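J.: Here is what each chain is made of, one letter per residue.
There are 2 protein chains.
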Amino acid sequence: MELTDFLTPGGEWLRGDGRDADVVMSSRVRLARNLAGFPFATRASDEQRSEILGKMRTASETLPLGPRRYFVDLTPPGSRRESKELELDRTLLHERHLISTELEKGKGPRGVAFGSDERVSVMVNEEDHLRIQAIRSGFALDEALADARALDVALEGAVRYAVSPTYGYLTACPTNVGTGLRASVMLHLPALVHAQEMNRVFQAASRTGLAVRGFYGEGTKAMGDFYQISNQVTLGQSEEEILRKLSRMLPTFLEYERKVREHLVATYRVKVEDKVFRALAVLRAARTVSTDEAMELLSAVRLGVVTGLLTGVDLARLHELFVLVHPAHLRRQAGRALDTAVERDTARATLLRQRLSA
Amino acid sequence: MELTDFLTPGGEWLRGDGRDADVVMSSRVRLARNLAGFPFATRASDEQRSEILGKMRTASETLPLGPRRYFVDLTPPGSRRESKELELDRTLLHERHLISTELEKGKGPRGVAFGSDERVSVMVNEEDHLRIQAIRSGFALDEALADARALDVALEGAVRYAVSPTYGYLTACPTNVGTGLRASVMLHLPALVHAQEMNRVFQAASRTGLAVRGFYGEGTKAMGDFYQISNQVTLGQSEEEILRKLSRMLPTFLEYERKVREHLVATYRVKVEDKVFRALAVLRAARTVSTDEAMELLSAVRLGVVTGLLTGVDLARLHELFVLVHPAHLRRQAGRALDTAVERDTARATLLRQRLSA
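The listed protein sequences correspond, in order, to chains D and H.
Numbering follows our numbering, with no gaps: position 111 of the first sequence is 111.
Numbering follows our numbering, with no gaps: position 299 of the second sequence is 299.
Honestly, the hints are just simulated from the structure, not real lab data.
Fair warning: this is a prediction, and the values are worked out from it, not measured in the lab.
Glycine residues also receive a C-beta, built at the ideal position from the N, C-alpha and C atoms.
Worth double-checking, as some hints may not be accurate.
Stated by the list, open to error - Computed footprint of chain H on chain D; a stretch qualifies when at least three of its residues, placed anywhere within it, have a C-beta under 8 Å from a C-beta of chain H:
no.	stretch
1	145–153
2	268–280
3	285–291
What the hints assert, rightly or not - Residues from chain H that face chain D, not an exhaustive set, calculated with beta carbons under 8 Å:
no.	residue
4	Tyr161
5	Lys245
6	Met249
7	Thr252
8	Glu273
9	Leu280
10	Ala281
11	Ala285
12	Ala286
13	Thr288
In isolation and in its complexed conformation, chain D is listed as follows (with noise of 0.2 Å):
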């Protein structure tokens, strides 16, 4: 399996265009579906697994997956070396956002597909059996949800589904039953952050059960001031009122930061200005930058250029910095393995001057 020749182009929800997008870097809408007549993936046989595994490679030929359709297997082999090799790779489709930490992390036959522009993908033996996972640029929760339906309908004609008549579709997880649904949208939030008003956000997000999460879901830390807020339950909701509920919450927090900006601008242009146009400037020279300075960097840039205080820099070649900067990307493009953190700090400086040079 080459992952090489698409690594390059970020994927479709990095492009930084679509509705709200000053605010809003992707939506995303993820179904839990488990197959009839398996066990749940968490206490099936790797046999089990692997026949599963087997089904999905099967049935991803025919899936709308997009322009060009990758099946990856992620299932660790025998020898030791191809191991590491997959480790890369299924580092790197989670810092792509391909798949979940569980899946990358986890043990046992397991797999994803998807589509070369990544809009759209399937991880198999997740927590549940089947994940169709839709991303889309800026706030496009419907979008994405016409995504994952369209790849949802396929597939049902290709698998058999674990449905009950009374709690919609089974899920391994609880909180996942009934429509099997979550929708998050991540968030860029470096004005909030900065006024040091995400507390609020937190709470205002309890008190209306959404999650608030890191730039890696669930477990993550933030990164780059990027937080993700998605529903936490789907059982006895439909689709459209988990959509909507999201929905009407965000304009919220939309209107907080964008506030929040306004009023840093207006009263302290001075200062935001020189933390963008130093963000840049140094991105731009250092010769060693750690993982976490570069998101947070990044995000200052992202600020300067969504506020309209810095021009000639191109949001999505920048939304990709987001993604390349991270320890397996960075491997992947050196070619070679970066095994110091003193390696990888020097070829991500190196990446960051040759992407955001002027």
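Using the hints provided, position chain H relative to the given structure of chain D.
T.: Relative to the frame of chain D, chain H by itself:
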């Protein structure tokens, strides 16, 4: 009095040329002299101080001060507004190292004579009636002494010095009696500061009777990793002995700094480059910069230039900035009051961007 016309080009000592200019920014010789027939300046009445100032104004017209002569009366006038202007001029002259903190902040009739290349100056009614000062770029104590002596000889023809056949030139403070000579070198020691080796410099200096001071001499802090090293005692030593002692110790400091620079570049090249390139990038991009940060960043850039890591930055142009970033210079250049720190930091950033743009 118009000081603006000679303010932009830096003094000769900022050129960055001369021997050992990689470490030695400048060499300075100062002679303390008092006039016969007057009490020491600290005990003289305002009338007596005015009389001395008047004598010096007349004498300065024939002194070898350089291509163009300036005589600046620093005596506070009656009106408050004029006094504000004068205060600015005094700070300006102090920022250029043309007058001491004592002459800047002191009271009563006082002044200074100097040439437009700022190589020699005579302060009037500082601690002593006259303080002849000569500064040269790089390690050039002999040349500075020659400049100071030429001025001393010319002055001796114009006024009558207080001299004791036993002690030599009489001075207000006993540490200056004899030759009245103080010699100093301004060293740039970024590597020793970075490697936290300055305590050893302080100890070595103290053991050999040398004083280590900050960028603006006695009682000032180090800025931009600049340290002034000078002799402490003049009584009982000839001018040559004083200079020889400082010159004998100097190579120890120079070699020490150079060794640590070499070590840093050899062992942590990427980190040093990172520091240097970031510093220049920030200076070229920032929208607000404090004096301390400016001095620190300029110091890193200077390290880059003298170690050859950085090309395309002119050392003389860089050195001027070590003076131009200070408040009175910023205000002079702005042509208006810069009353708040925010205004000054913004003006400083603008100046740095303009002067260092690629």
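J.: For each hint, tell me whether it holds in the structure or not.
T.: Taking the hints in turn, this is what the structure says about them:
1. Residues of the stretch 145–153 of chain D lying with their CB closer than 8 Å to a CB of chain H number 0, which falls below the three-residue condition for coverage.
2. Only residues whose C-beta sits within less than 8 Å of a C-beta in chain H count toward coverage, and the stretch 268–280 of chain D has 7 of them, enough to reach three; the restraint holds.
3. For the stretch 285–291 of chain D, the proposed coverage by chain H is satisfied: 4 residues have a C-beta within less than 8 Å of a C-beta in that chain, meeting the threshold of three.
4. The beta carbon of H/Tyr161 is not positioned within 8 Å of any beta carbon in chain D (closest approach about 54 Å), and the interface hint is therefore violated.
5. For the restraint placing H/Lys245 at the interface with chain D, the shortest Cβ-Cβ distance is roughly 42 Å, beyond the 8 Å limit, so the hint is violated.
6. Checking H/Met249 against chain D: minimum C-beta separation of about 36 Å lies over 8 Å; hint violated.
7. Restraint check, H/Thr252 versus chain D: the minimum CB separation of about 32 Å is more than 8 Å; hint violated.
8. Interface hint at H/Glu273: satisfied, since its Cβ lies 5 Å from the closest Cβ of chain D, which is below the 8 Å cut-off.
9. Nearest Cβ of chain D to the Cβ of H/Leu280: about 7 Å, under the 8 Å cut. The hint holds.
10. Annotation: interface hint on H/Ala281 holds; nearest CB of chain D at approximately 3 Å, less than 8 Å.
11. Hint status for H/Ala285 relative to chain D: holds, with the closest Cβ pair at about 3 Å, below 8 Å.
12. The criterion of a C-beta within 8 Å of any C-beta in chain D is met by H/Ala286, whose closest approach is roughly 5 Å, and the hint holds.
13. With 8 Å as the threshold, the beta carbon of H/Thr288 comes within range of chain D, its nearest partner Cβ sitting at about 5 Å, so the hint holds.
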